[in-house]
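Asker: Next come the chains, spelled out residue by residue.
2 protein chains.
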Amino acid sequence: MKNLALALAALPLTALALPALAQPGDLAALETVADRALAADAIAYGFTEGLTTEVGPRQAGTEAEARGRAWAMAWLKANGFANVADEPFEMETWVPGDIARARVTGPFAQDLVVLPLGDSAATPQGGIEAEVVFFRTFEDLRAAPEGSLKGKIAYISHQMRQAQDGSHYGFAGPVRWVGPGIAASKGAVAAVIKSIGTDHHRNPHTGGTDFAAGVKPIPAGALSLPDAENLERMFARAGGKPVTLRLEMNPRQLGKTTSGNVVGEIVGRNPALPPVLLACHLDSWWNSPGAFDDAAGCGIIAAAAKNVASAGQPLRTIRVLFAGAEEVGLHGSVAYSKAHINEPIAVGLESDFGADRIWRFESNFRESNPDLHARLARAVARFGVANSPLVATGGADLNVVRDQKGALVDLQQDGTRYFDLHHTPDDTLDKIDIVQLRQNVAVWTQVTGILANEQNGILTGNFERTGPDVMGD
Amino acid sequence: MKNLALALAALPLTALALPALAQPGDLAALETVADRALAADAIAYGFTEGLTTEVGPRQAGTEAEARGRAWAMAWLKANGFANVADEPFEMETWVPGDIARARVTGPFAQDLVVLPLGDSAATPQGGIEAEVVFFRTFEDLRAAPEGSLKGKIAYISHQMRQAQDGSHYGFAGPVRWVGPGIAASKGAVAAVIKSIGTDHHRNPHTGGTDFAAGVKPIPAGALSLPDAENLERMFARAGGKPVTLRLEMNPRQLGKTTSGNVVGEIVGRNPALPPVLLACHLDSWWNSPGAFDDAAGCGIIAAAAKNVASAGQPLRTIRVLFAGAEEVGLHGSVAYSKAHINEPIAVGLESDFGADRIWRFESNFRESNPDLHARLARAVARFGVANSPLVATGGADLNVVRDQKGALVDLQQDGTRYFDLHHTPDDTLDKIDIVQLRQNVAVWTQVTGILANEQNGILTGNFERTGPDVMGD
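In the order they appear, the protein sequences are chains A and B.
Using our numbering, you'd call the opening residue of the first sequence number 1 and step up by one each time.
Using our numbering, you'd call the opening residue of the second sequence number 474 and step up by one each time.
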């Protein structure tokens, strides 16, 4: 344990004497369905298998994403959800094209495996060839003088490591999020990065990149980790000779197209009460079926909602939000908040960090509603979920709750291998560990059931520690 | 231990009292350099890093393979080898082209990751689209009636598993080696197979496929394991509807081009004695730099030869053979045997099964020269190498020894993860475990040193159990 003070701080709440629930019978039934999910859930896996097999990749704003929405709506209806709808919105749509090639042309000729980053510009047909300037870290790139990259291709590295809480994404992510834009502002004609990931397979990690206002987008790609390391070895062996690269990619902007949010409900006994909102996202990058990111997340929340219903109609409505166009800039989350800002949400939860075991529980109402926080922490302890002293900030698709300054629960998944797969072609069904997936469904069933049967308001959340959530982007 | 009888059979030889070597001083010096290699060898890793970084993929018969030969010759000369030469030969050369696309078009539209198999024909431009016929095993394909695949694409599956001795390659390999040819003979317009491999990454395993005389080659590709499993799930979910695939690939035959074998020698004190031949292959498939297969093998044998020399000039010459064009049909091995059949080899050894730990030792002279076999077994025991009751058959590039009915030693590597990487883009430097690589160099140094200082002839081998070696193909 790295931080003993944090660990001790988590103790007192779980040790509190717990008041009985308003409907104790509900709790017993709920425990039974949660335990059954732990042993044998087939709903979440079935959803994940179906979506990845029958639809596959679901790039935001494309016909493939639309097929994903149709599939998901059919699934929700077939599984007893009410008020199933597709809430469309318009967005600027980027597509990757079908050419992505990189070749070192000197001093050691060799192809490298590359994929474009979201919002990358295209190269001229036949590619662009230039000397590569090697930046070992993001800070090194930032320190490069203005104009110093004129006519060059920037290559930006990092040393991202696996982390259970995913926190190294915050450490290395800026290389992708804004590195190419910074390189462009200093004159670079293109940029390639070491993939923001922790695996060693020849599958680049794509993801969005932002070009600041006034900076013209340049071609920007991610090299797989082995290719990036190979390029770095070439620099070490070049003896000062220039390393030159030819890059060819043909992504393009389509202009405005339609995406949409899919919603569905388990209607509560008192539909006038603010609902519990469970969120995930339905889109994936074009290069994978997004089993981990985020088909499984949608499967988990849908299974939890269905399980709660099977234990008896909940007091509050449970609404699932399968957001559209999350990967390319949280368009669905923004659109949902805009459309529903005046409909109060009792509490929001999101699953968008793979399908591995939930290891800790956070809320943002530990101080405002300590009784509820403690009951939830107590209820998930039998699944190996620890109470965490951190304040929940909610996932990417919970803008509406943050905009309402509402209550949030984060069921934190073990992210150790998440960035082995994140945004790569390798994010496929076989990566799902069904034993861990079932633990997710059990925990979600338990927590959702308690929240959806909560008579009193869940109270305003603590927003002291909120900020942009980067995990799902 | 699965086979206790085999384990016990291995005991008596290692328990024999050992006669002293002709030059006991040599053995002590040899043990010192072998132990040093175990602790700190940098030669084999340096070779592997250099070849994969400065040359990269080395498809047989292409300019890339020629660059590999030039690089290897420069390395051998710089490292003290004599008589370094490129022995050219002509061969029919196939190249993969730059288009390899597969898309399921119904009932569930989705791209699949595919690569062509060696000697695959091209599809028409724009691809070929047809219904897929699913064969769960090679035997199912063989049982299909004549003409039953007319106009169809055959898909052939298997259930290959990891095996320490690599033996599942023999179990599943026929799917690739002859499956497409059998499908063609029954009328198929194309064939795709589940990759012959044991990993779960989106990187297909290529490799050669043979079309029998009189069978016109068809387009033949390998799907990555996750894609193959996805296709199989589509069959399960199609409800009897036809599954259709569009396949586009543009490999082509170049006609005759030049490849070559690179040789080099540590010249012995008595060059008139038959030399010890250490073999590996220098070519790789186009899709990877072939770190495991077989840059590391060349690094291991070269390091061993150099280490033996550093312990004092050996009695016999040690010749290294970096064969060309092994992957596409053992052309280098055949050419070497043809050119050198009348120059007797004392004993042949090959490294071509990755770079993981050597776990057992085999010879084909256990019965004809039990003293030497026992001394070798005893000498490698301290590196965790067991004496094996199996008879060595030699690797793919030792045709010359087999053709001479000569002596062979097999230093069997742990192949558990070999078929995770075999013939995939993932066969990169980062997969080399330097601790295990060093154990290889130590064992090879020890064994090569003993053999190269052996005064007497090593005697004719036992060829009762020889047959086509499939490991390196």
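What the hints contain is simulated information worked out from the structure, not anything from laboratory work.
Computed from a predicted structure; not experimentally measured.
Check the hints yourself; a few may be wrong.
[To be verified] Partial list, computed: chain B residues near chain A (C-beta under 8 angstroms):
hint, residue
1, Thr578
2, Gly579
3, Phe581
4, Lys659
5, Arg675
6, Arg706
7, Leu788
8, Asp903
9, Ile907
Glycine included, each C-beta is placed from N, C-alpha and C at the ideal position.
Asker: None of the hints should be skipped; say for each whether it holds.
Answerer: Okay, the hints, checked on the actual structure:
no.	hint	result
1	Thr578	violated, 12 angstroms
2	Gly579	violated, 11 angstroms
3	Phe581	holds, 5 angstroms
4	Lys659	violated, 28 angstroms
5	Arg675	holds, 4 angstroms
6	Arg706	holds, 4 angstroms
7	Leu788	violated, 37 angstroms
8	Asp903	holds, 5 angstroms
9	Ile907	violated, 14 angstroms
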